[in-house]
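So the sequences go chain by chain: A and B.
Per this note's numbering, residue 1 is the first one in the first sequence, and the count goes up by one each step.
Per this note's numbering, residue 1 is the first one in the second sequence, and the count goes up by one each step.
To be clear, the hints were calculated from the coordinates, so they are not data collected in a lab.
Positions of the beta carbon are idealized from the N, C-alpha and C atoms, including for glycine.
Each hint can be trusted.
Only part of the chain A face toward chain B is listed, based on derived beta-carbon distances under 7 Å:
#1 P7
#2 R10
#3 Y14
#4 L18
#5 I33
#6 K38
#7 A47
#8 I48
#9 D50
#10 A51
#11 K52
#12 A66
Protein chains: 2
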Amino acid sequence: MADFEEPIERLIEYFRSLPGVGKKTAQRYAFYIIENNKEKAENFAKAIVDAKEKVKLCKECGNYSASEVCPICQRRNKQIICVVQEPKDIISMEKVKSFDGVYHVLFGCINPLENKGPNDIRIKELLARVSTNDVKEVIMATNPDVEGEATAMYVAKLLRPMGVKVTRLAQGIAMGSDIEFADEITLSKAIADRKEI
Amino acid sequence: MADFEEPIERLIEYFRSLPGVGKKTAQRYAFYIIENNKEKAENFAKAIVDAKEKVKLCKECGNYSASEVCPICQRRNKQIICVVQEPKDIISMEKVKSFDGVYHVLFGCINPLENKGPNDIRIKELLARVSTNDVKEVIMATNPDVEGEATAMYVAKLLRPMGVKVTRLAQGIAMGSDIEFADEITLSKAIADRKEI
Chain A
1 MADFEEPIER
11 LIEYFRSLPG
21 VGKKTAQRYA
31 FYIIENNKEK
41 AENFAKAIVD
51 AKEKVKLCKE
61 CGNYSASEVC
71 PICQRRNKQI
81 ICVVQEPKDI
91 ISMEKVKSFD
101 GVYHVLFGCI
111 NPLENKGPND
121 IRIKELLARV
131 STNDVKEVIM
141 ATNPDVEGEA
151 TAMYVAKLLR
161 PMGVKVTRLA
171 QGIAMGSDIE
181 FADEITLSKA
191 IADRKEI
Chain B
1 MADFEEPIER
11 LIEYFRSLPG
21 VGKKTAQRYA
31 FYIIENNKEK
41 AENFAKAIVD
51 AKEKVKLCKE
61 CGNYSASEVC
71 PICQRRNKQI
81 ICVVQEPKDI
91 ISMEKVKSFD
101 GVYHVLFGCI
111 NPLENKGPND
121 IRIKELLARV
131 STNDVKEVIM
141 ATNPDVEGEA
151 TAMYVAKLLR
161 PMGVKVTRLA
171 QGIAMGSDIE
181 FADEITLSKA
191 IADRKEI
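Let the hints inform the model, and build the full structure from the sequences given.
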């Protein structure tokens, strides 16, 4: 038996469908909606519909955007493209502030276990961008795991013949971390890529 | 500067207003909406508006209900009233299954620090219920903290002259817990209320 009557139960179910939300959390969210005023609920609902309706993919980089070309692609240096797996990776990159190039979202990486091949992610769009624009460097910022590495290598192999410099984010021990707790793979990578100081 | 364009940022802000939701979590929720289909977004929005519009307080117990009188008040034994602070406490109580009485939601407890006096919670509604119905017992299930205790004592003092039995949930060490880790107040309560076996 459902714990609540239909309108509450239905709202709880929708909140539960959000990533990482369990039953208790969904209940808290639903109660919050019910306890707040009607205007807030209506605006919340409108925000959901608006975001879904108005947000499309930027036709250049593939990031979520309310305009045809996203603000980053409109303003920044197009000679450097940073390739990421997901739109949320751009948020992290943007926090750094020092990067003034543009992005390219692959929407995933090559992952045979999930049946994701090179044609299932936005690789050909990247090649098209590089071939039609005066791109000097492509920074591969895919995740430092097996699939992310493989994708970076695969894309690099396709780009190099086009005369573009392809780089990869440095890998090694994280700043502020502790060598004692660093895993072997990270540590071996840090040793192999050691720099003279 | 906002990390996102207006429709995304606005949706993130609404998700952030939910209890316990931070920036990162709100972003994940917003991206989930954007990544899913339009129908789902519209139904989600509708669920929010519907819940807010249709859910009122049950005119008897004060719990959230889509009907004038909630399903619990419609069906169950009205001679026993269990008094709780919040609607969500009813969910926990209902899991027990052994209770077949009805509830009364106070919506808070007497809390001078938050300027909440006896008239700010639903005490007079409780007195009205007890005086007009044939109530045999009122179980005070307010929280076992200072405010909850004080509220239970206050309400009990008002109810006793009306000839109704007032009880309080037993307090003591939690089942499955460890005496080693029990706090002093709980333990002293458990000793004071010890039972012959």
